[in-house]
Every structure is written in C-alpha cells, then in structure tokens.
Amino acid sequence: MTLGLLLIAAIGLIVGGGRSGFLRPLTSVVMTPLVPVARLLTGGADAVTGSSQEAGDYETLRQHSRELERIVAELQVEIVRLREIEQDYYRLSELVNYAAAHPDQGLVTANVIARDASGYLRWIIIDRGARDGIQIGNPVINELGLVGRVEDVAYNASWVRLINDQASAVNARLQNSRAEGTVIGQLQGGLRMEYIPQEALVEVGDLVLTSGLGGSFPANLVIGQVTSVRRQQAALFQEAEVRPTVDFNRLQIVSVITSFQPVDTSVFDDVIQSQSQR
Amino acid sequence: MSLQVGIPLFLIAMLIQATILPHLRVFGGQPDLIVVLVLAWAILDHDREGMAWAFVGGLFIDLLSGAPFGISSLILVPVAYLVGLTEARVYRTSLALPLVLTAGGALAYHAVYLLLLRFLADFPVAWTEIPGYVTVPSVIFDVILIIPVLRVLSRVYDRLHPRQVKI
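If you're matching them up, the sequences are chains A and B in order.
In terms of our numbering, the first sequence is residues 1 to 278.
In terms of our numbering, the second sequence is residues 1001 to 1167.
Hints in this document: simulated from the structure, not taken from any laboratory.
Every residue, glycine too, gets a C-beta built ideally from N, C-alpha and C.
Don't take each hint at face value.
A few chain A residues facing chain B, derived, Cβ under 7 Å [to be verified]: (1) Leu92; (2) Gly119; (3) Ala167; (4) Ala169.
Only chain B is shown next, with the shape it has when bound in the complex:
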C-alpha cells in the first residue's frame, strides 16, 4: 500500500474510530476499524509491508487514546507478522480463514493490550468482567467488519500488485 493511499486511509479510519464508532457501542465493545484494516492488509500482503502498516496503524490508534503511546504498534506488528504467514491466495479460496485470522488477531490484540495497560499504565483490569463486557463484543464487531474491508482492500491490493501472467 503506497503512502498516498495508506496515510489518508488510516487517518480517516482513526477519525471514524474516535468520533463515530464510540456511539455504536454494544456493552463496552465497538469495532476496531484500524485493527481490522491492519489485519486485512496483513492477510492480503504477507510481505514486510503488512507489519509496517501495522506499526503506523498502531500509532494512529494511540494518537487519540489515553493508552501509553506506542503500545498498539507494539502489539499489532507481531500480530500482523503472524497473520501474514498465511498466503494471500488462501484468503481468495477460503472465506473462513480470514474470519478465523481476524478473530484470533483481534483477540490477541485485546489480550496483550490489557496486559500492557495493566503493567505499563497500572490500569486496574477487572479480568472477570472485561472479557464479556468489552473484548468479546469488540472481536465480534471486528469479525463482521473484516468481510467488507477485505473486499475493498483486495481491490486496492490488486491494483497495486497486478498479477503477472507468463506468456
């Protein structure tokens, strides 16, 4: 993803995430638009670029958050790496795989995010209540959101990386 596309995309996603999506909360959970974008790009592009955008996306998340600046990047980069281990072609043949990858990736992101909040920011995490109230609804939102996001981003990906045909 080029900078001209990626930066505005994440900027818009950040603004939507911090202004509109908080009003759509179910319990305490809401869609993690930037996380979904990062995961979608990691699914599509398993090169280093996915991790680079995971880093940038994490910065955008933390910019309008009360969490210590940088923790989202810290989490998303390895998550994007793990997700990127799967081949992009697999997504195109299986719909279940991106759903599973998104659920796993988002769950890992939330779990590590809470751990880092607890130990870096001394945030009092109510481990018995938080998963059901915030984490699970958020992950469900993310799994639902990945389908349309993947469809849009796969078009962008195909434009940026046209398939080579041997003649």
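So here's chain A without its partners, still in its complex pose:
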C-alpha cells in the first residue's frame, strides 16, 4: 500500500509540473539557503579538481621559470658588459675631447695591467712602452685629471708613479687665488699641497691644478680639490689637504702625454746666465 501511495505521489508531481508547477513556492523557500552553500561546495570541488590540472602545468611553469631565470642572468651579464663599454666609451670620449682641445700634445692611450703590490709604493704598470713612443718623464692623465708620471719604460710596458705616491711631488697652483705650492702624495693615498705662501687665500673647495713650472707637467691639468687648510702663525707656509679627482683604485684606462709645450721659462735664462758668470 505504501508503495502504491508513493508511486501515485510521484506521478502526481510529474503531472503537476514539478518545481515550476504548484510546488514552485516551496522549492524556492528550500533553495534560498541552499544556493550559497552549494556554490561554496561547488567552488571548493572545482578548486580541488582544477588543482590536479594545474599540477600537470606545474612542471611546465617550473621550466618557464628556469628559462626566464636563465634569460635574466644572461641579460644581467649583458647589462654589466654594456655598462663597462659605456664607461670605457665615456673615458675614451673624454680623452678624445682632451686631445682635440690640446692639439700640441701627443697622447697614447693605455690599459692599466698591474699595480705595485708592496703597499708602500703607489705605482701602476701600463701596456704601452717605448715602441709606442713613451719615454721616462711623460705625464699620465685620465678623463678626470692628472694620474702620474712615467718612471720606467720597457718595450711594451711602462711603470707609472702615481701622484699619491709618497715620493711624488707636483708643482701646482690654486685656481682661484693663483697661489702656488707643491702637491705631495700621502701614505693613506691622499694628497697634500705644501709650500703655499702664508698671504695666499686658500678656501675649501678650491681647485688645484698643475702649474706647469719645472716643465714636468703641462699647465692646468686638474689634480684635485682642497678639503681643509692648515695655517699656523709661526710657519712660513700653509698647507692644504687635497682630495684627488682621480680615483686611483679604479684606474683602467689612462693616456700618456708623449709631447707637450712646457711653460716658457726662457725669461729666466738671462738671470741664470748672469748668476753663473758671477
């Protein structure tokens, strides 16, 4: 009998139009709380089933990632290489500009191949020598200013004493006051300008240039900038600490001035001659 009733009820539902029929209000009430729960559960299930698909893609992604990492590494190397080229280009273009501005000077560009390893001496070795026309005494510069002086020459290499070597002395003058002195290298790698007359006005920030006196260096090569001044009443001269414009620890390309017009000192010839006659 129960079976009969149930069968009749089922048939009645079918005939009655089901959910969209007379039972529509009832199904709506029941479904209202069920929809969000069902959506949540369905979404979770999709996520679980979807992850199995992504797991399949994971290896592909890892491969992509490895490939991208390789490309990034290659690009980083390329960037470093291009930056080096850019810096070399900058240095060389500055040296070309210098050469163009000083047609009276012969320039030979060289690479720094080694440094004195003693710790006491500040020398570099460059890959140009006598075969390139370099001679002992030639000044050495880079795009920032004066570097040093050639002290020894082989056929294909030269030894250069940097201006911050303790045994280096360069005749210099201050750009603003025109006061002259001698720039001497310091143990810690800095520079000190000594023998500046007491009456000269020396200010922090003053530019220090080669004076050209003595004929060892061309005039007006940049040496550095005054960072502090020491003036004592009892002393004959004042001193100034000078920060070099050249970074001597990062020298890579330098130029050797193989010929230049030294400062004309012929005006003193008569004085020297008359003194020697006495």
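Model the placement of chain B on the given structure of chain A, informed by the hints.
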C-alpha cells in the same frame, strides 16, 4: 721544486699579487703571496734550493713593482736561508713554528725592504705611520696565508722528495 713547477707557480702568484690582491687591502697592507711561497718552501726544504727560489721569487716581485729591481731578491735570499735553518720535520710536528717563522720572516722582509727603499731609492719613509698602516696588516695576512700554502706545497714537496724507508 723543479723549474716546470716553480716558474709557473711564481708567475701565477705574481699576476695574482699585482692584479687581484691590491683590491683586498686592509689599510695599506695586503698578502705578500710570493714572500709566503718563498718562506713556505724554505720551511719545507732547507737545502740551497730554498734560497734559489727566494732569489727567483724576489725577481718576480720586483718585475711588477716600482722598487729598484733586485731588492726583493736581495732580502729574500738571506731570509730564506735563516728560515731554512729549521728542519722540515719540525714543521710537521709543530704548527706554531711555521707561524712564528713566517711572522719573523715577513717582518724582516718588510723592515729591510723599507730601509733599502729609503737608502737606494730615496723614498721618504714615514717611520711612525708605515708600520701600523702597511707592515703589520701585511704580516698578519702572510701569517694567515702560510697555513694553506704550506699544506699545498708540502704535498708538492712530498712528491718531489719521497721519503726513503730502510728495509
């Protein structure tokens, strides 16, 4: 040490010393790789060979230096002789001895080097500042470096001079 081993070894050491090691300076001091090699060989081999290599090593040092050519050889040969007076066997039983020998040898090398720079090259030596700024850091580097260098060179030494066993 045979020429085939010694010359390339000192050549490589010279290049490293003049190109890479200047960038590792602490204050003004840096490892004296060739000096350490010479001292290590002198510790291991107390025969004349140690002095011969000291001479060669000195030439390699001066080749890429602004110092008068030959002064390093001049200093290293007697230093190697003095260091070589100790028996090689002693090193193998005592770790402190090579450290002491290296410190003494390197210190002697630096002191005489400065003296010769002063009197041969008229180099203005700031005696009050230089020891602390250059000499001491360099000697400390050398003492640290001697341990691995001795280990490597003792293997070379053992190959070249296999121990004789009486049967």
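Problem set entry | Supplied contact hint for A:Ala167, tested at 7 Å Cβ to chain B | Interface hint status for A:Ala167: holds (5 Å vs cutoff 7 Å).
Problem set entry | Evaluation of the interface hint that places A:Gly119 against chain B, nearest CB under 7 Å | A:Gly119 check passes; min Cβ-Cβ to chain B is 4 Å, inside 7 Å.
Exercise. Can A:Leu92 be said to touch chain B, with a Cβ gap under 7 Å?
Worked result: With Cβ-Cβ at 22 Å, over 7 Å, it is violated.
Problem set entry | When the least beta-carbon distance from A:Ala169 to chain B is tested against 7 Å, hint result | Result: violated, 10 Å to nearest chain B Cβ.
Checked against the numbered hints above, the structure violates hints 1, 4; every other hint is satisfied.
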